[in-house]
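**Q** Take a look at the letters that make up each chain.
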Amino acid sequence: MSKSKVIHIKNGVVVDPAQGIEGEVMDVFVRDGKIVEESEAGKADEVIDARGMTVVPGGIDIHAHIAGPKVTAGRAMRPEDMKYARRKTGALRCAMGKVLMTCPAIGYEYARMGYTTAIEPATPALYAIHTHEELDSIPMVDKAVLPLFGNWHLTFRFAAENDVERMKAFIAWAIERSKGFGVKVVNPGGVEAWKYGRNVHSLNERIPGFDATPAEVLTTLMKASIELDLPHKVHVHCNNLGVPGSAETTAETIKLAAKVGESKDGRESLHITHIQFNAYTGEKWRDMGSGAEELAKLVNSSPVTVDIGQPIFGHTTTMTADGPFEFALHKLVKGKWINKDVEIETGGGIVPITYRAKSPVNAVQWAVGLEFGLLVDADKVVISTDYPNGGPFVEYPYIMTLLMSRKFREREIREKGVNSYIEKATSLPSLDVERTFYEIVKMTRSTPARILGLRAKGSLRIGADADITIYPFDCRNVSPEEYEVLLKGLRNAAYTIKDGEVVVRDGEIVKEIWGRTFWVNAKGVAREIIEEDLNEVFRYYTVSRGNYGVKKEWLRRAEEIAVDAC
Amino acid sequence: MIRDVVCTFCGNACDDIEFEGEYGRNLCPVGEAKFAKKERLKAPMIDGREVSYEEAIERAAEILREAKRPLLFGWSSTVNEAIRLGVILAEKVGGIYDQCSSVCHAPTTLAMIEEGIVGGTLGQAKNRADVVVFWGCNPVEAHPRHPTRYSVMARGFLTRSRADRRVVVVDVRKTPTAYLATDFYMVEPGSDFMIFTALRSIVNGHEEAVPEKVGGLTREELKGLAEILMSAKYGLIFFGLGVTHSRGSERNVEAVIKLVQDLNRKTRFILQPMRGHFNVVGSGEVAAWEAGFEYAIDFSRGYARFSPGEFTAVEALIRGDCDAALIVASDPAAHFPRKAVERLKEIPVIQIDPHPNLTTKVANVVIPTAIVGVEAEGTIYRMDGVPLRVKKIRESEYPSDVEIIGKILEKVV
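Protein chains in written order, with my numbering: chain A, 23 to 588; chain B, 181 to 593.
If you are wondering where the hints come from, they were derived from the structure by calculation, not from laboratory data. Fair warning: there could be bad hints in the mix.
Said to hold, decoys possible - Which chain B residues face chain A? A few, computed with CB under 8 Å, are given here:
#, residue
1, Arg183
2, Asn260
3, Lys272
4, Gly300
5, Thr301
6, Thr447
7, Trp469
8, Ala471
9, Gly482
10, Phe486
11, Pro567
Said to hold, decoys possible - Result set (DSSO-like, lysine-lysine): computed pairs, CA atoms no more than 30 Å apart in a straight line:
#, chain 1, residue 1, chain 2, residue 2
12, A, Lys120, B, Lys248
13, B, Lys587, A, Lys574
14, A, Lys105, B, Lys272
15, B, Lys438, A, Lys306
16, A, Lys105, B, Lys591
17, B, Lys403, B, Lys438
18, A, Lys533, B, Lys591
19, B, Lys587, A, Lys110
20, A, Lys573, B, Lys587
21, B, Lys272, A, Lys110
22, B, Lys438, A, Lys105
23, A, Lys120, B, Lys438
24, A, Lys533, B, Lys272
25, A, Lys533, B, Lys248
26, B, Lys446, A, Lys356
27, B, Lys572, A, Lys574
28, A, Lys356, B, Lys438
29, B, Lys214, A, Lys573
30, B, Lys438, A, Lys353
31, B, Lys248, A, Lys110
32, A, Lys110, B, Lys591
33, A, Lys429, A, Lys380
34, B, Lys587, A, Lys533
35, A, Lys356, B, Lys403
36, B, Lys572, A, Lys573
37, B, Lys413, A, Lys356
38, B, Lys591, A, Lys27
39, A, Lys353, B, Lys413
40, A, Lys120, B, Lys272
Idealized CB from N, CA, C, for every residue including glycine.
With these hints in hand, go ahead and build the complete structure from the sequences.
**A** Structure follows, in structure tokens:
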């Protein structure tokens with residue numbers, strides 16, 4: 023990072039929910055990659071006149087599958103998606119891919135829409151070296167990765183014994199070894215059951231081969247994460263994803279979090295990711311409906327947060343550690359299917375799909391995502407597409423605009439021909455909620471920063487990282503009717519500043535930079551207490567314990583976040 | 181003693197080698213040969229004349245800059261860090277990136293594009309698979325420690341010993357691997373597609389559609405084989421070049437993928453190609469995340485295009501499309517068809533390799549490098565994609581592939 027550059031952003035309309043700033047004309051000063059006081063800034067190397075523009079913190083993507091073995095397997099399986107050229111080579115790299123993208127394309131597209139941080143939310147710890155190699159090939163953004171815990175034999179063992187102390191040691195060991203950021207859980211127990219050709223269908227069902235249930239897995243992991251004081255608590259893809267009736271499982275999962283309670287610093291103990299995919303009522307596809315209204319109420323009153331996982335009409339590639347779900351999807355769409363069972367720790371699958379506006383099921387999914395975006399408290403909900411499962415992250419501006427403008431929603435329902443079944447099965451057509459720009463900034467900046475515990479992100483306060491987006495409109499003067507202005511401006515930031523450097527100007531990349539990779543070193547637990555457990559399970563690995571994991575020296579720019587719960 | 185050394189020869193990438201000086205414990209004969217002292221390229225050369233590294237790198241960069249469409253080939257026996265720079269180099273010089281798969285498991289990639297693949301890590305063989313099939317592959321000779329470490333005798337979580345596994349070998353001759361088998365099926369060469377299709381018919385309940393004899397097996401034998409497959413709690417088919425390189429090629433692989441898809445409607449089953457070189461998987465995956473495709477990538481228009489049969493090395497050379505070549509950690513002169521090698525003789529060729537080989541004889545610029553996994557470290561992907569960090573266990577005067585390719589890249593951008 024080149025140092026000491028001073029940028030003075032003047033006359034911009036600042037929106038910074040973390041400081042309660044709701045559209046005030048203010049100047050912002052940047053030095054050495056941080057936001058500073060005017061008095062500390064010194065002479066500006068660059069003055070940006072942001073008159074008539076809106077200045078906000080850089081966007082944070084809390085959940086996007088952007089790196090790792092499954093993303094690359096998806097790319098390799100879908101040359102028909104990769105053949106789309108976004109950019110030719112030149113001063114920058116060539117950038118390929120329509121929905122799935124190459125690493126350079128991912129970095130450039132984030133920067134163009136003013137996003138500066140992205141979290142890869144699922145890697146088998148066994149494959150962490152690979153995932154970090156890809157993260158290190160993504161320019162422009164800061165990043166982190168969540169290793170998968172929900173189907174690890176050791177997780178089941180400690181959950182069965184309700185042994186929070188050993189679970190803490192295990193989490194600390196695994197996230198250090200994978201240079202990970204927190205605890206990801208996907209369909210707890212279900213992926214192990216899939217290795218026997220089955221799935222688990224409720225939180226209280228016994229996991230094959232173990233005396234533990236998904237509820238015990240989640241509860242023990244939540245307690246351990248809280249006691250370790252991890253910046254980001256348990257990040258869960260619930261059981262029974264993607265089927266009618268899933269709303270009930272989600273509600274039960276939320277109740278588990280309520281029982282565990284808040285974390286020490288008063289934050290939530292559970293993040294339910296892509297909740298849209300887990301929020302259907304009914305017993306069959308024929309009578310499926312939206313459980314979003316009920317679940318939104320429950321989320322608002324419980325110690326949980328969510329991201330929406332909005333589907334975007336068009337083709338995409340689903341990819342998840344939820345192996346049994348992908349098998350079901352493969353049978354449903356009769357398409358190509360990748361499966362991967364990973365040692366005794368996890369698994370995964372990949373299936374291409376298309377979301378069709380005219381399909382009643384897909385229309386309901388689309389409406390459910392928006393219902394969550396409209397009905398959950400903006401301090402508890404983050405915009406996502408569960409990239410690439412719901413669609414490309416480059417459509418975040420589209421989702422933001424849909425949430426801000428009822429007129430735009432009505433136009434989309436009309437012009438895309440969204441199946442009228444949504445009138446019967448969801449509340450979306452009757453919702454007149456319009457999110458304010460302030461709330462949208464929360465849902466893409468301050469809320470994800472708070473949920474992730476990234477204290478230097480998501481705000482323009484003094485001392486914060488100088489990750490800044492300047493949108494080419496004055497948010498005070500754009501009405502929801504002018505949705506085209508919003509959509510265009512949100513897609514193409516006037517400026518993106520990353521670590522104090524201008525990297526985008528008028529929606530064009532002007533500089534390629536390399537962000538940091540955050541990883542958590544959880545101290546305050548004696549890791550030795552699981553030595554025997556580790557030595558025992560490594561007898562069933564095909565790599566030796568000495569070769570398991572990632573050294574920080576192998577990463578381009580690793581940044582340790584040490585937490586000590588003692 | 182240096183523990184947990186990763187062997188950098190075959191796709192097994194055994195990571196339990198222990199080095200005490202020159203002696204490596206746990207190595208198989210093939211691995212021993214890899215770590216044994218061998219003839220080295222002594223110094224950089226231009227047209228047979230010894231030069232400095234700077235001169236050789238300068239000349240290599242000049243050749244690549246001046247070429248209209250250079251071929252950058254090899255990669256499966258070096259580390260991901262070098263491969264990544266190689267893909268970027270191909271992009272920047274508007275060349276073709278291709279790797280050893282294009283003459284090996286490329287049919288598997290093509291079939292995967294059609295059907296996906298139902299797979300798992302080698303841990304599934306060790307811990308879970310009670311039916312293990314070797315189809316058109318011969319690990320006893322090609323991946324010597326595969327049976328003991330992973331698939332036949334390994335002590336696993338559910339499968340504790342050889343007795344817990346039913347081992348099936350299907351091949352056109354009685355290979356050494358066949359002697360490990362519970363059941364051996366000798367089939368007629370080139371009949372894999374028909375046999376897979378017949379098995380699918382039986383698995384899907386249409387045995388009446390199967391003729392009396394298919395590919396040298398009677399209907400009863402086929403029914404017996406299908407029974408074995410369906411009786412598995414968790415089955416696993418390993419397949420090799422006997423499937424990809426016999427009549428039908430990628431269609432054979434598609435058929436076996438579909439068979440495994442069908443079997444997953446009855447029980448659990450996975451499939452694993454027996455990949456050859458220790459990092460042939462990396463040479464595809466790195467290219468996929470950097471450029472979108474695994475092999476046969478052309479950058480002559482400034483962006484990546486994928487076209488097997490057009491941008492694969494052999495075909496591009498035979499057609500005379502490439503006017504220069506960079507060969508990294510590979511020996512196409514020994515393995516490519518004669519017409520492709522003749523083209524290599526006509527154009528300027530740069531070789532980056534630790535050892536002399538036949539390609540050295542057609543190379544204009546030769547740049548010796550450190551041996552990956554012995555004198556240079558980095559990341560590689562085992563046949564099932566599991567990433568491993570290979571170690572530097574001996575000091576060497578030679579620069580690494582990463583250093584050399586990095587310097588060439590600096591000179592062309």
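**Q** Now tell me if each hint is right for this structure.
**A** Hint check:
1. Evaluation of the B:Arg183 hint against chain A yields a held restraint, the C-beta minimum of about 6 Å falling below 8 Å.
2. The closest approach between the C-beta of B:Asn260 and any C-beta of chain A is roughly 6 Å, which is under the 8 Å cut-off, so the hint is satisfied.
3. With a cut of 8 Å, the hint placing B:Lys272 at the interface with chain A holds, because the nearest CB-to-CB distance is about 6 Å.
4. Taking 8 Å as the C-beta contact cut-off toward chain A, the hint placing B:Gly300 at the interface holds, the least distance being around 3 Å.
5. Look at B:Thr301: its Cβ gets to within about 5 Å of chain A, closer than 8 Å, so that hint holds up.
6. Given the 8 Å rule on beta carbons, the hint for B:Thr447 holds: about 6 Å separates it from the nearest Cβ of chain A.
7. With its C-beta approaching chain A no nearer than about 5 Å, B:Trp469 sits inside the 8 Å limit, and its interface hint holds.
8. A cut of 8 Å between beta carbons decides the hint on B:Ala471: the least distance to chain A is about 6 Å, and the hint holds.
9. The interface hint given for B:Gly482 holds, since its Cβ lies 4 Å from the closest Cβ of chain A, which is under the 8 Å cut-off.
10. Because the closest C-beta pair between B:Phe486 and chain A is about 5 Å apart, less than 8 Å, the hint holds.
11. Against a cut-off of 8 Å between C-beta atoms, the interface hint on B:Pro567 holds, since the closest Cβ of chain A lies about 4 Å away.
12. Proximity of A:Lys120 to B:Lys248 is assessed by CA-CA distance (about 28 Å); at most 30 Å being required, the pair is judged to hold.
13. At roughly 25 Å between alpha-carbon atoms, B:Lys587 and A:Lys574 fall within 30 Å of each other, so this suggested pair holds.
14. At roughly 18 Å between alpha-carbon atoms, A:Lys105 and B:Lys272 fall within 30 Å of each other, so this suggested pair holds.
15. Taken as a hint, the B:Lys438 and A:Lys306 pair is honoured in the structure, with Cα atoms around 28 Å apart against an allowance of 30 Å.
16. Only pairs whose Cα atoms come within 30 Å are accepted, and A:Lys105 paired with B:Lys591 is accepted, the gap being roughly 29 Å.
17. For a cut-off of 30 Å, the pair hint linking B:Lys403 to B:Lys438 stands: about 18 Å separates their Cα positions.
18. Proximity of A:Lys533 to B:Lys591 is assessed by CA-CA distance (about 20 Å); at most 30 Å being required, the pair is judged to hold.
19. At roughly 23 Å between alpha-carbon atoms, B:Lys587 and A:Lys110 fall within 30 Å of each other, so this suggested pair holds.
20. Our distance criterion of 30 Å between C-alpha atoms is met by A:Lys573 and B:Lys587, whose separation comes to about 25 Å.
21. Taking the CA atoms of B:Lys272 and A:Lys110, the gap is about 10 Å. The hint holds against a cut of 30 Å.
22. This hinted pair checks out: B:Lys438 and A:Lys105 have alpha carbons roughly 26 Å apart, not beyond 30 Å.
23. Using a Cα cut-off of 30 Å, the hinted pair A:Lys120 and B:Lys438 holds, with the two alpha carbons roughly 28 Å apart.
24. For the hint pairing A:Lys533 with B:Lys272, the CA-to-CA distance comes to about 17 Å; that is within 30 Å, so the pair holds.
25. For the hint pairing A:Lys533 with B:Lys248, the CA-to-CA distance comes to about 28 Å; that is within 30 Å, so the pair holds.
26. Restraint check for B:Lys446 and A:Lys356: satisfied, since their Cα atoms lie roughly 16 Å apart, inside the 30 Å limit.
27. Of the pairs offered as hints, the one joining B:Lys572 and A:Lys574 holds, with about 18 Å between alpha carbons and a cut-off of 30 Å not exceeded.
28. The hinted pair formed by A:Lys356 and B:Lys438 meets the criterion: a straight-line CA distance of about 12 Å does not exceed 30 Å.
29. Restraint check for B:Lys214 and A:Lys573: satisfied, since their Cα atoms lie roughly 27 Å apart, inside the 30 Å limit.
30. At most 30 Å may separate the alpha-carbon atoms for a hinted pair to count; B:Lys438 and A:Lys353 meet this at roughly 12 Å.
31. Distance check on the hinted pair: B:Lys248 and A:Lys110 sit about 17 Å apart at the alpha-carbon level, within 30 Å; holds.
32. Using a Cα cut-off of 30 Å, the hinted pair A:Lys110 and B:Lys591 holds, with the two alpha carbons roughly 20 Å apart.
33. Distance restraint check for A:Lys429 and A:Lys380: the Cα-Cα separation of roughly 20 Å lies within the 30 Å cut-off, and the hinted pair is therefore satisfied.
34. Restraint check: the Cα-Cα separation between B:Lys587 and A:Lys533 comes to about 22 Å, which is no more than 30 Å; the hinted pair holds.
35. Under the criterion of a C-alpha separation no larger than 30 Å, the hint pairing A:Lys356 with B:Lys403 is consistent with the structure, at around 26 Å.
36. For the hint linking B:Lys572 to A:Lys573, the alpha-carbon distance of about 15 Å falls within 30 Å, and the restraint holds.
37. A C-alpha spacing of about 24 Å is found between B:Lys413 and A:Lys356, which places the hinted pair at or below 30 Å, so the restraint holds.
38. Taking the CA atoms of B:Lys591 and A:Lys27, the gap is near 29 Å; set against the 30 Å cutoff, the hint holds.
39. Annotation: proposed proximity of A:Lys353 to B:Lys413 holds, straight-line Cα distance about 20 Å (limit 30 Å).
40. A C-alpha spacing of about 22 Å is found between A:Lys120 and B:Lys272, which places the hinted pair at or below 30 Å, so the restraint holds.
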